[in-house]
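Undergrad: Here is how the chains run, residue by residue.
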Amino acid sequence: MIELYSIGISEETIKNMLEVNPEIKDLSEKEIKEKVLILEKFGCFNDQIINIISSNPTFLSRTKGEILNLVKTLVDYKFRTLNILLDSNPYILNLDPFEIKNYIEKRVEQGELLEDVIDDLDSNPILFNEM
Amino acid sequence: MKELLISLGYSEEDYELFKNNYALSNYKEETLKEKIIKNYEFLVSVGYTKEEVIKITKSLPPIYSYSIEKIKQKIEDIIALGYTKEEVIKMTKSLPQIYGYSKENMKQKIEDMIALGYTEEEVIKMTKSFTSIYSLSKKNIKQKIEDMIALGYTKEEVIKMTKSLPTIYGLSIENMKQKIDFYDSIGLHELLVVDAKQLMQSTVLSYARYMFYKDKGITIDMNNYRKLFINNKSFEKAYGITKEELLKKYDYNKYIEKKEFGGLK
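Residue numbers (my numbering), protein chains in the order written: chain Z, 1 to 131; chain V, 1001 to 1265.
So that you can see chain V by itself, here it is in the shape it has in the complex (with noise of 0.2 Å):
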C-alpha cells in the first residue's frame, strides 16, 4: 500500500495518515488499493490535478472509502444548491470536509443565513468566496454578529460587512476587537462597514502607517483611509521607506503598552 501511495505522488508522512485512519481500516488491503486508485483517477477525471487530488484525500482519508456513485452524487447534490461545477471544484479544495456534509445539512446551513438576514443569492455567493461557513454552526455565526453587535456596530451592519468579507466569520473575536479597537481609536469606526476588505490587512502595518503619516502631518480619516492600504512599492516609491524599515520605526508592540496608559499621543 505504502508503494502504491508514493507511487501516486504521497509521502511516507502521508502513508502513516492513511494507514491510521479509521474509516479505511476495515478494508483488506487489496480491496483498499484498488478504491484508491478507482477514487483517484475518478477525482482526476472530475477535474482536480493529481496535487489537488493529493490534498484533498489528506484532508479528508475517508473520501476513499467512499463509492465512486457517491461521490457524484455529492457533486451534483452541491450544484443543485446554486453552484457551478467548477466552484464545486474550488469550494471542495478550500473545504473537502464538504464531501462529508449531507445536502441536508447544508441546505438547512442556507436556510439559517436566510434567517439572519442574507438573500440566497448572498448565501450562496459569501459560500463561494469562503467556504468554511458551511463548517460553522449556527451558533458559532449568531455568537460572530452578537460580538460585533458588542463592539459597537448594528446587525444591519455586520450583514453588510460579512457580505462584502465573508471570511469575518472565520476570524476570531480575538482578532476582530484587535483591529476593531485599532481602528475605532483612530476614528475609523467606519471603515469595517465602508470597506471591510481592508480587515485582511495586519494591524501591526495599519498602525505603523497611519504614525507614519501622523509625523509627516497628514491626518487620516473616512476620507483618505485608502492611503493606509496603498500597495507597498507604491508607498515605498512615493515616501522612500521600506516596509522593514517602517514596522522597525513604528513599533506596533510599544503602542500597544502605551494605549494601557490611555490611547495615542
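Isolated chain Z, as found in the complex (with noise of 0.2 Å):
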C-alpha cells in the first residue's frame, strides 16, 4: 500500500478503505500503480487521482479488463473528459458496460435523444448512481 501513500492519501483515510473494501491489503504494489496509471491516461491528474480512489476503494479491485471494458464503453457513447466525469462520481467505475447501456437505453425508449440522455448524465454525474 505504499503506492496510496506515495500519491498522497492520508494514514487515516487509508484505514477507511481497508474498511470498505479489506481486500487492499492483498493488493500487490504493481496492481494499485496499475490503477493509477489506467485514472492517469484517462487524464486524470493528482488531486483527482486520490479523490477517486480515496473515495471508491472498491475500484482497486476491479481489474484492468473490466476498467477499460467500462471505459470503452462511456468513450462509445461519446463521453468526453472522463477525468471530470469520474473525479465527479467516483462509483461510476464500479458499473459494468451493460447498467450503462440499459440505463440509456431505457431513457431512449422512452422518447428522449442519445445526446441529450449522454448531456444529462455527463452534466449531473450523480444519476450513474441511478444504475
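Source of the hints: derived by calculation from the structure; they are not laboratory data. Warning: the hint list may mix true and false statements.
Partial list, computed: chain V residues near chain Z (C-beta under 7 Å) [as the list claims (entries may be wrong)]: (1) 1051; (2) 1055; (3) 1135; (4) 1137; (5) 1140; (6) 1170; (7) 1171; (8) 1175; (9) 1200; (10) 1202; (11) 1204; (12) 1205; (13) 1231; (14) 1233.
Pulled from the structure, derived: some chain Z residues nowhere near chain V, Cβ distances all over 10 Å [said to hold, decoys possible]: (15) 3; (16) 25; (17) 33; (18) 41; (19) 107.
Even glycine gets a Cβ: it sits at the ideal position worked out from N, Cα and C.
Mind assembling these two chains? They're in different frames, but the hints should get you there.
TA: Okay, structure coming up:
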C-alpha cells in the first residue's frame, strides 16, 4: 500500500479504505500502480486520482479488463473529459457496461434523444448512481 | 466447472476468481456445480437479470455456498427493516455484501444512525440511495461528521447535507476538503448545506466555470450559484465555449499553485 501513501492519501483515509474494501491489503504495489496509471491515461491528475481512489476503494479490486471495458463504453457513448466525470462521481467505476447501456437505452426508448441523455449524465454524474 | 461458468456468462478470468475462493473451495466439484446452477436460477427468479447475477456473484462468490432458504431469508429480513423487494434487489446490486450482513448488524447500523440524529425513515431513504452506508463502521461515520465540523459546519448542517446527499459518507476527507476549500474561497460555504447534491461536480469544472464568469464580469454568489452547475449543452449554447476549451483555458492545477501564494486573484 506504499503506492497509496506515495500519491498523497492519508493514513486515516487508508484505514477507512480498508474498512470498505479489505481486499486492498492483499493487492500488490504493481496492481495498485496499474490502477493509478489507468486513471492518468484518462487525463486524471494527482488530486483527481486521490479523490477517486480514496472515495471509491472498491475500484482497486476491479480488473484492468473490467475498467477498460467500462471506459470503452463511456467513450463509445461520446462521454468526453473522463477525468471530470470520474472525479465528479468516482462510483461510476463500479458499474459494468450493461448497466450504462440499459439505463441509456431505457431513456431513449422513453423518447429522449441519445445526445440529451448523454449530456444529462455528463452534466449530472450523480445520475449514474441510479443505474 | 469452467465450462459451466462460461455457459452461464462468466469469463475465463471469472473462473479463476471462483476457483480460488475460500468459501467455495470446500465443496466437491459436482456439488458446487449443482449449487451454482440452483442459486443462479434462483437469483434470476427473484428478479435479477443474468448479467446482474454475474456481477453480484463476482463481487460475493460465497453467495454460491448459501442455501436457497438462506438467500430467501436474507431478502425477507431486509424487507422487514423497511424496504420493498424491488429496493432490496437494487440495494444488493449496489452492495452485494449485504447478503453477508446479519439482520442484527443492519438493525444496529440503523440504530447507530438514529443516535447520530437521523429519523428511521431518513436512514431507510439514505441507505436506498447510498447502500454502502451499511459497510461503514460507526467510528467511520462519526469521524466523517467530526471532519466536516472541523471544516466549518455545525453538526446539524452535516446531518442536513448528508440527508440530501448520503454519498458524502463515502467521499474521502481529501475529496471533501478539496471541494469545501474551493467553495469557501469563492464565498459559497453555505452551498453544501443548501444544495449538497452540487458536490457531485468536479471542483476542476466548478473552478473553470467560476473563472469564466469572473472574466465576463459575472459575480457568483449564493443567489446565482446554479450558474456553476448548468448542463454542458446549455453552457456551450449560451456562451459558445465547449467544456474542453473551458478546462484548457482555466487550468485548475495552476490555480492550486497560485493558491499556495495566497488565494484567487
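Undergrad: All hints are to be evaluated individually against the structure, with a verdict given for each.
TA: Here's how the hints hold up against the structure:
no. : hint : result
1   : 1051 : 5 Å, holds
2   : 1055 : 6 Å, holds
3   : 1135 : 6 Å, holds
4   : 1137 : 6 Å, holds
5   : 1140 : 5 Å, holds
6   : 1170 : 6 Å, holds
7   : 1171 : 5 Å, holds
8   : 1175 : 4 Å, holds
9   : 1200 : 4 Å, holds
10  : 1202 : 4 Å, holds
11  : 1204 : 6 Å, holds
12  : 1205 : 5 Å, holds
13  : 1231 : 4 Å, holds
14  : 1233 : 4 Å, holds
15  : 3    : 15 Å, holds
16  : 25   : 15 Å, holds
17  : 33   : 19 Å, holds
18  : 41   : 17 Å, holds
19  : 107  : 15 Å, holds
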